[in-house]
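J.: In case you want the letters, here they are:
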Amino acid sequence: MKSNNRRSGGKTGAVVALCVVLVVTILLGWLGITGMSIPPRGLYKVLSWLPTTNAENWPQSLALGLDLRGGMYVEYSGKAPEGSEANFDELVEGTMSIIRQRLSDKGFNEANVQRLGVDGIRVEIPNVQDDTVLDLIGAAAKLEFKDPNGETFMTGEMVKKATYAYSEGEHQIAFQLNDEGTKLFGEMTSANIGRTIAIVLDGEQLIAPTVQSAITNGSGVITGMGTAERATSIAAKIQSGALPLELTQQKVDKVSATLGQDALTSSVKAALIGILLIMVLMICRYRLNGLIASWALTLYIILLFLLIAVFRIQLTLPGLAGVVLGIGMAVDANVIIFERFNEEARKGRSAKASVRAGFKNAMSAVLDANVTTLIAAIVLLIFGTGSIQGFAKTLLLGVVVSMISAILITRFLMNRFVAAGATKMSLYTKVNAGKEVEQ
Amino acid sequence: MVIKNRSKICLIISAAIIVVALVLTLCGRGINMGIDFEGGLSMQYDLKTAAVRTDVESVLSQIGASSFTVTVQGSGSNEVNIRIKDVAKDDIQKVQEDFETGLKEKYPDAESIGDVNYVGPVAGATLVKNAIVSVLLASVLMLIYIAIRFDLNSGLSAVFGLLHDVAIMLSFMVIFRSVIQMNSSFIAAALTIVGYSINNTIVIFDRIRENHKKMPNAPKEEVTNLSIKESLGRTICTTVTTLITIVALCILGVASIREFALPIIVGILSGVYSANMINGYVWAFLEEKRRGRKAKA
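As you go down the protein sequences, you meet chains A and B in turn. Residues in the first sequence are numbered consecutively from 5, following this note's numbering. Residues in the second sequence are numbered consecutively from 18, following this note's numbering.
Hints were generated in silico from the structure; no laboratory data involved. Being a predicted model, the structure only gives us computed values, none of them experimental. Just so you know, even glycine gets a beta-carbon here, dropped at the ideal spot from N, CA and C. It cannot be assumed that every hint is accurate.
[To be verified] Distance condition first, Cα-Cα at most 16 Å in a straight line; then the derived EDC-like pairs of lysine to aspartate or glutamate:
| id | chain 1 | residue 1 | chain 2 | residue 2 |
| --- | --- | --- | --- | --- |
| 1 | A | K165 | A | D183 |
| 2 | B | K111 | A | D139 |
| 3 | A | K83 | A | E250 |
| 4 | A | K434 | A | E347 |
| 5 | A | K364 | B | E227 |
| 6 | B | K111 | A | D135 |
| 7 | A | K164 | A | E184 |
| 8 | B | K111 | A | D134 |
| 9 | B | K246 | A | D183 |
| 10 | B | K25 | B | E238 |
| 11 | A | K83 | A | E97 |
| 12 | A | K351 | B | E247 |
| 13 | B | K123 | B | D108 |
[What the hints assert, rightly or not] Sample of chain B residues lacking proximity to chain A, with all beta carbon distances greater than 12 Å (derived):
| id | residue |
| --- | --- |
| 14 | G119 |
| 15 | I192 |
| 16 | I204 |
[What the hints assert, rightly or not] These stretches of chain B come out as covered by chain A in the derived footprint (C-beta under 8 Å, 3 or more residues):
| id | region |
| --- | --- |
| 17 | 159-173 |
| 18 | 213-221 |
So here's chain A without its partners, still in its complex pose (with noise of 0.2 Å):
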């Protein structure tokens, strides 16, 4: 964007400059609060992605946190099980996959397993408040031996021991059965001579292999593993016939869905009054330039919610809190701009000098205070749990495109309305009778 015009039709290409630019703020503001379907059909859909005071119509391009949605999430710390030598990371790793199955197998599609740190593991469940959900995490796990007609002869707790065991260059698991599944077991292999078993856990398969003897003894091998860690893997899920880790419930926090609704419009409404009042207070003490910060400010929310839905950064209550906030430093800059472009103007400089000048005695400012701000979002972001590091997500996207806002949307529209012809100071602040230059 050059602040320099053409000296010929200047005047007309920065009032076309600003027809086009209000046109599209008009334009993105309205797609942006009802979305649009092209037709035929809906082929092309723009969902809308600004948010209204009214939470049933909330747009759906928002990936919205629990806490506003309603749900609940439980934190866990895992442990490995004493004796164990496998690698804690597929540990961990192997009890999130394992928690996802069990929940989208009963229909909690919507759930999220996140790893925390180390050895934390984040489950959130939205929609939901029932305490049985956490049983069916922490549970454990079925397993099942099921013979060649696919039923079950023998479960999880018959097998007493199951480990990696390595002999004749093949990696194998090794197993001891209790009494009883010594029996079951014998029966079967016995009985089924060349013939494939399944192993089975949580109803998804582990390992089926050929039975090549009668195993009578309780103990044997399943050999033809192909590597060591599938066999540690596998022999671990066997071995305790419930999750890799041991887990210990750290955190339990249940929402109601009235109350994120609640969280929702009044964070809403409480900026919607924010933005007004701003907007109300930079007009009367900037004139022209407070309204080029209003225009500026909402083409910032435009943009801001519109990256914030097509990234799919996750809205929670304090990230809602952290767009407010946003709000009122977005205009931080421009209020550092307009007064040293004042400071010009009191001088007797044109508007046209002094908007050069104002951004050129404000850009050092304006710089370290975005810097300093997005230092303290990025150690948020390192060191904040859960719903503190959607604050530092959205604080430090508000204050990236407040940057951008400020440097380049309001100088380009200062510029071409200086260009345009609203070159009178008085149109900027108060001048003194007499001092008034004209460009």
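For chain A, the structure is supplied; the task is to place chain B on it using the hints.
T.: Same frame as chain A, now just chain B:
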């Protein structure tokens, strides 16, 4: 308008606030730690009629809880917030059920509302550690950044201001312990203030740098006075715009938002105060000292 160095009085006022908070803490009336830090089980119920605190407490005693707090809230004082500190993780469900049964005997229409929240003891300890580490780390990074962009003395005085603001926020949490609890959102609030309230200081220091070049031989205190005066319009305006949104959030928002918004408001006010009344003069003091040392050498 005349700007004068009143930093000594201001520092005494701040120190007095912090000392009051420290004394209160030592007397066992420190920060009201919320569930995120202390752990335990928290529940909310709407009793549909005015709650009698002792009634609710007797229900808790009946089910065997020994360490708990009951807060009555809501417009018709018919909502209660219960926190039980000594709950083992396996008992959550049982305690909850027992309590509800007991409560319904006294208040048949009682209904669970909102959050049911359990935090284990380890999570709280990690949170405290993370909070301290993140505030310190952010402060060190600020110091480095400002020392590079300005000079070491500016960095030191700006970070002095930051720690002052965080200390005032913590003191506020102590003094108003009956109104506000400290939860994990306080960490977000403190870090926001660390990142944001330094902006006022930076704008003033930016001015000081500019004026310092114009009048290199003037006393540093005078340069500071002038710079504060020249930045005042901007300082007031940006503070007001930020306060507008956060106050609106505090008034309209739900309880958990208030726990976050209130410390931020305190931090922003403290930030304006320290930027204008203290930090510049700390810089002037450090700078005069450095010059004095140089002159002697």
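J.: Each of the hints needs a verdict: does it hold here or not?
T.: Hint by hint, here is what the structure shows:
{"no.": "1", "hint": "K165/A - D183/A", "in the structure": "13 Å, holds"}
{"no.": "2", "hint": "K111/B - D139/A", "in the structure": "13 Å, holds"}
{"no.": "3", "hint": "K83/A - E250/A", "in the structure": "5 Å, holds"}
{"no.": "4", "hint": "K434/A - E347/A", "in the structure": "11 Å, holds"}
{"no.": "5", "hint": "K364/A - E227/B", "in the structure": "13 Å, holds"}
{"no.": "6", "hint": "K111/B - D135/A", "in the structure": "11 Å, holds"}
{"no.": "7", "hint": "K164/A - E184/A", "in the structure": "11 Å, holds"}
{"no.": "8", "hint": "K111/B - D134/A", "in the structure": "14 Å, holds"}
{"no.": "9", "hint": "K246/B - D183/A", "in the structure": "89 Å, violated"}
{"no.": "10", "hint": "K25/B - E238/B", "in the structure": "13 Å, holds"}
{"no.": "11", "hint": "K83/A - E97/A", "in the structure": "13 Å, holds"}
{"no.": "12", "hint": "K351/A - E247/B", "in the structure": "14 Å, holds"}
{"no.": "13", "hint": "K123/B - D108/B", "in the structure": "23 Å, violated"}
{"no.": "14", "hint": "G119", "in the structure": "18 Å, holds"}
{"no.": "15", "hint": "I192", "in the structure": "23 Å, holds"}
{"no.": "16", "hint": "I204", "in the structure": "6 Å, violated"}
{"no.": "17", "hint": "159-173", "in the structure": "holds (count 4)"}
{"no.": "18", "hint": "213-221", "in the structure": "holds (count 5)"}
In summary, the structure is inconsistent with hints 9, 13, 16 from the numbered list given earlier, while agreeing with the others.
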